[in-house]
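Here is how the chains run, residue by residue.
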Amino acid sequence: MTESSAVIVGAGPAGISVAVTLAECGLQTTVVDENPLAGGQVFRQPPAGFQRAASAVSDSASRRGDELRRRFANLGDRIEFLGNRKVWGLFDSRRLAVANAAGWRMIQAERLVLAPGAYEFVPPFPGWTTPGVMTPGAAQLLAKSMHVLPGKRVLVAGTGPFLLVVANCLHDAGVRVVGVVECTTRSEALKAIPGLLSNLALASQGWRYLRRLRRAGIPIHTGHVILDAQGQEQVERVRFAPCDADWRPDRSRAVTVEVDTLCVGYGFIPRSELAQLAGCDMRWADELGGWIPATSEDGETSVNAVYVAGDGGGVAGALVAEYQGTLVGLHIARQAGAIDEATLQARRREVVRRLKKLRRFRRTLDKLSRVRPGLTELATDDTVVCRCEELTRSEVDIGVDAGCATYRSLKVATRLGMGPCQGRMCWPAMARRVALRTGRSMEQVGLISVRPPIVPMSVGELAEPESAETIRSGGSAT
Amino acid sequence: VNSGQDVTVVGGGIAGCAAAYELAKRDVQVLLLDRALPGCATSASAGGLWPVGESVGLGCGIIYSAAQAADGNAPMSPHVLPEVFRDFLVASNDCFPDLADELLERSGVDIEFAPGRGLLFLMYTLKEQAIVDSIARGLPTGEVMEILSPEDVFDLEPSITRDVVGAALLPGEHQVNPMLLAEAYKRAAIAAGACFLHDTQVTGLRRKKDRVIGVEVGDQFFPCDATINAAGAWSGRLAATAGVELPVFPVRGQVVLTETLPVVLHGGVSTSKCYLTQKSHGEVLIGSTTEHVGFDVSVTRPAIASLCRGAIRTVPMLRDVAVKRVWAGLRPATPDELPILGEVEGVRGIVNATGGFRTGIVAAPLMAQLVAQVVVDAPLSFPIDAFVASRFAKNPFGTSVHSSPDLGRS
Chain H
1 MTESSAVIVG AGPAGISVAV TLAECGLQTT VVDENPLAGG QVFRQPPAGF
51 QRAASAVSDS ASRRGDELRR RFANLGDRIE FLGNRKVWGL FDSRRLAVAN
101 AAGWRMIQAE RLVLAPGAYE FVPPFPGWTT PGVMTPGAAQ LLAKSMHVLP
151 GKRVLVAGTG PFLLVVANCL HDAGVRVVGV VECTTRSEAL KAIPGLLSNL
201 ALASQGWRYL RRLRRAGIPI HTGHVILDAQ GQEQVERVRF APCDADWRPD
251 RSRAVTVEVD TLCVGYGFIP RSELAQLAGC DMRWADELGG WIPATSEDGE
301 TSVNAVYVAG DGGGVAGALV AEYQGTLVGL HIARQAGAID EATLQARRRE
351 VVRRLKKLRR FRRTLDKLSR VRPGLTELAT DDTVVCRCEE LTRSEVDIGV
401 DAGCATYRSL KVATRLGMGP CQGRMCWPAM ARRVALRTGR SMEQVGLISV
451 RPPIVPMSVG ELAEPESAET IRSGGSAT
Chain V
1001 VNSGQDVTVV GGGIAGCAAA YELAKRDVQV LLLDRALPGC ATSASAGGLW
1051 PVGESVGLGC GIIYSAAQAA DGNAPMSPHV LPEVFRDFLV ASNDCFPDLA
1101 DELLERSGVD IEFAPGRGLL FLMYTLKEQA IVDSIARGLP TGEVMEILSP
1151 EDVFDLEPSI TRDVVGAALL PGEHQVNPML LAEAYKRAAI AAGACFLHDT
1201 QVTGLRRKKD RVIGVEVGDQ FFPCDATINA AGAWSGRLAA TAGVELPVFP
1251 VRGQVVLTET LPVVLHGGVS TSKCYLTQKS HGEVLIGSTT EHVGFDVSVT
1301 RPAIASLCRG AIRTVPMLRD VAVKRVWAGL RPATPDELPI LGEVEGVRGI
1351 VNATGGFRTG IVAAPLMAQL VAQVVVDAPL SFPIDAFVAS RFAKNPFGTS
1401 VHSSPDLGRS
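Heads up: the sequence lines are chains H and V, in that order. When we follow the working numbering, the leftmost residue of the first sequence carries the number 1, and every step to the right adds one. When we follow the working numbering, the leftmost residue of the second sequence carries the number 1001, and every step to the right adds one.
Because the hints were derived from the structure by calculation, they are not lab data. The model shown is predicted, which means the values in this text are computed figures rather than measured ones. Here a beta-carbon is modelled for each residue, glycine too, at the ideal position from N, C-alpha and C.
With a straight-line cut-off of 30 Å between C-alpha atoms, the simulated DSS-like cross-links for lysine-lysine are:
no.	chain 1	residue 1	chain 2	residue 2
1	H	LYS356	H	LYS191
2	V	LYS1127	V	LYS1273
3	V	LYS1279	H	LYS86
4	H	LYS86	V	LYS1273
5	H	LYS367	H	LYS191
6	H	LYS367	H	LYS356
Which bits of chain H does chain V cover? Going by a derived footprint, with three or more residues having C-beta under 8 Å, they are:
no.	region
7	402-411
8	418-425
9	455-464
Residues from chain V that face chain H, not an exhaustive set, calculated with beta carbons under 7 Å:
no.	residue
10	ALA1036
11	MET1179
12	GLU1183
13	ILE1304
14	ARG1309
15	ALA1311
16	ILE1312
17	ASP1320
18	ALA1322
19	VAL1323
20	LYS1324
21	TRP1327
Start from the sequences, fold in the hints, and give me the full structure.
Pasting the structure below:
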């Protein structure tokens, strides 16, 4: 057992917030993250030696990130940060198998907080495996952290405010952004304005991103969807067309643009592997990005002493993640006896009030970015839908039509999801297709089975005994 | 039960799917109820068809006995099962070449039956060689087992370590894809008129006097003329709901699967630490533990490490190969390690197709035929006496090799 009150997986806004809250209550925590520095995807720090380019849009989010990270660093004596660590397994619900370059070891968590964040949703479409097609997040990572330009002429496409962030980031980095293609129709966006204005700070931030793109002469095609990407060695052309409210394109009005890079992403999917390995009860939440662990308001899952905070428990953005992290932190601090009930209730009330204030904004955005059926119809019969096993859509359809209507049965019959990604990449889109095709609910078609190792590990690494690396809190679990 | 009557099969693993097919083929109205519980043994099976290898204890059995010996619980010894069982497995194994064609034709599914050079048991020590020698003496003469020198081994399998004292080759032992075998049986059964209800958790059997009259799924009742107990590791629990005592208990097996590789193995390889088999899509499956831990399907660190160490010792190039996943299945075990087939003394309307333990895949074709023959009252293609449940009544623990702590709870 560790001397830490909690082991936190993920050092994004949610994880940092849990650690900071606990540390401020005088408790020790251990934070494990795959990156060398804390910050997660949204507040990612450039590697040492790189100066972060001042964001052209000075946004409250990056200020919040700096502030959180500052508090995190100041409380360093109570927070043990284990960067560059991959969690490859979870045993007996709270024993983490944690690896770094030198080896791996088990960390037994007295309490386990999962703050793994989310990954981008990209449904298959013709040409999506062509080099030069990448997610907006990947492009942002290249440009922001590695100072590598993803391409010369880039189209940014998909849905959600993140597209605007990335388009700005690429533009600032000197990339020629030829346009932003957003599925949401203009009329739907207009209807959402009152809801978005319920949070002026966030709404104005979005507005500033939008205005900067307009000023740079970057066209924003609302109500359009990507049809395909063409090119042999590299993307050469991308076609997109106007779409209806279900995001079904009118192919007769397709437009072609010449680009060398397509950044495409349709929102985010919660990373649920660890929650599933812990044995948490899972539920389908379309508006929050997919399957999430069922939790209480304070992030308690169905498994004793396992908590979830942030996008991994339902995609809602950095601010909500931070507040949820605070709630989890307060709950654990009370459990550990570091604060009294009155303090808990007083502080909790304040955070819950802030979360409530965000509710209308969030719901508006959730509704706007809800995945529509048109996206599942972009692939054609010969489009590869499972990249690991190189399965085409028609190969999967044959399995579906033979009566396989669950992840498990399709996997057996077609090898969908049999590859190293264990279905994380293909199943979110294929599940929707199977559900539509068979008239079943997403609950009925089910979720992927998660097996360790959830990150690449070799036979040799798994054969090794635990490394002798000293982790202050992580006494070897027995 | 006659043709045209209703039979309900409980369990959609290999035993249930195969039984459903053999019954439907004989014009029996079949309804199969399945709730894919975590730990279904079919999904964690390597698909090795090792009738002699397993019945003389050179498959999964020797890993268990070596582990027991390492723990100081027992001396490592050959773990030879009765001759009748070996004959039974060999007869079942002989079904596969034709079965592969039959199922492909009726279901469209290729079960990936791959005749190779046979099962290779590697001997690392003189002690292991002595065990193999004593096993060989007990086998009929003929081409059942061949002893190879280290040079022979290297010629056959260049990827294998040269650090062996020799190997035993069992030439008739091949492999299939166990999940596709179950899927093929299932689709062929459906094509022959069987009905499958998935995601359906049977809660119990309904018994009236000396007869099981149907199957309960919560409030729902499915009446039938006969019920096939193919509930795998759970079949003891199922039988208990009808007041039938069936000594079936779960024995966990953990397996490790690598990424897809070019050909590194040309057939199954077993050792006293692990077995390895390369599947037709190129993954190498490394199995398997034999653990009495009840219905716990979790994987454990020491088991994964031990299997991986065994694999690297056997095929050194595997060290740098990525592991795709690790998981576990619950084998339906019995005290004497033989299956439980056929009717139950004193209770009519229930027919067992369970206790496949380590050999559920290779035994599936013949088990299913026998079960169907029992149901339609046809002549049996293999004597069933050694496998009926009543053998335990005479001796409640059979000729138990290992006592099981789970027996009472099954």
